[in-house]
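A.B. asks: Sequence:
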Amino acid sequence: MSVAASADTNPKEEFLDGKGGVKIFIRSWRPASAPRGVIVISHGFNSHSGQYAWAAQQFVARGFAVYAADLRGRGKSEGERFFVANIDEYLGDVDLAV
Numbered sequence: 001m002s003v004a005a006s007a008d009t010n011p012k013e014e015f016l017d018g019k020g021g022v023k024i025f026i027r028s029w030r031p032a033s034a035p036r037g038v039i040v041i042s043h044g045f046n047s048h049s050g051q052y053a054w055a056a057q058q059f060v061a062r063g064f065a066v067y068a069a070d071l072r073g074r075g076k077s078e079g080e081r082f083f084v085a086n087i088d089e090y091l092g093d094v095d096l097a098v
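Using the numbering used here, you'd call the opening residue of the sequence shown number 1 and step up by one each time.
Check each hint, because a few of them may be wrong.
To be verified - Derived Cβ-Cβ restraints for the label pairs, each shown as a range:
| # | residue 1 | residue 2 | range |
| --- | --- | --- | --- |
| 1 | Thr9 | Val84 | 27 to 35 Å |
| 2 | Ala55 | Glu80 | 25 to 33 Å |
| 3 | Gly20 | Phe45 | 17 to 25 Å |
| 4 | Ala34 | Trp54 | 18 to 26 Å |
| 5 | Leu91 | Ser33 | 26 to 34 Å |
| 6 | Ala85 | Ser33 | 37 to 45 Å |
| 7 | Phe15 | Arg62 | 27 to 35 Å |
Stated by the list, open to error - With a straight-line cut-off of 27 Å between C-alpha atoms, the simulated DSSO-like cross-links for lysine-lysine are:
| # | residue 1 | residue 2 |
| --- | --- | --- |
| 8 | Lys12 | Lys76 |
| 9 | Lys76 | Lys23 |
| 10 | Lys23 | Lys12 |
| 11 | Lys76 | Lys19 |
Just so you know, these hints were derived from the structure itself, not from any lab. Just so you know, even glycine gets a beta-carbon here, dropped at the ideal spot from N, CA and C.
All chains should be modelled from the sequences, with the hints used to inform the complete structure.
C.D. replies: Next comes the structure, spelled out in structure tokens:
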């Protein structure tokens, strides 16, 4: 199925304040009409939210809103690269997308 012409396939991009004042980068893709549901994507090690653009566009074409954060130290988010003091910091980053 191709991406619906009425859906905006370009993500909204913004920074939100994470734990410890770290700026967390969030991408969101939204359908043209009210979403039938919401999907939150949390990337894996050595990844970032931009790598999920194709999947997000497929979900949007089916009426879902999609949100994805670059975890601290990854992608466009601030933070020391490849380091987190506690896994709760990553959980806080994902909470921002929800």
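A.B. asks: None of the hints should be skipped; say for each whether it holds.
C.D. replies: Hint check:
1. Range check, threonine 9 to valine 84: Cβ separation about 31 Å, and the 27 to 35 Å hint holds.
2. As the Cβ distance of alanine 55 to glutamate 80 is approximately 28 Å, the hint placing it in 25 to 33 Å holds.
3. Take glycine 20 and phenylalanine 45: their Cβ atoms lie about 21 Å apart, and the range 17 to 25 Å holds.
4. One distance hint, 18 to 26 Å for the beta-carbon pair alanine 34 and tryptophan 54, holds here, with the actual separation near 23 Å.
5. For leucine 91 and serine 33, the Cβ-Cβ distance of about 32 Å falls inside the hinted range of 26 to 34 Å, so the restraint holds.
6. At about 42 Å, the beta-carbon gap between alanine 85 and serine 33 stays in the expected band of 37 to 45 Å.
7. The hint said 27 to 35 Å for the Cβ distance between phenylalanine 15 and arginine 62, and at roughly 28 Å that hint holds.
8. For the given pair, lysine 12 sits about 14 Å from lysine 76 by alpha-carbon distance, which is consistent with the 27 Å threshold.
9. At roughly 9 Å between alpha-carbon atoms, lysine 76 and lysine 23 fall within 27 Å of each other, so this suggested pair holds.
10. Taking the CA atoms of lysine 23 and lysine 12, the gap is about 16 Å. The hint holds against a cut of 27 Å.
11. Between lysine 76 and lysine 19 the CA atoms are separated by roughly 16 Å; this keeps the pair inside 27 Å, and the hint holds.
Every hint from the earlier list agrees with this structure, and none is contradicted.
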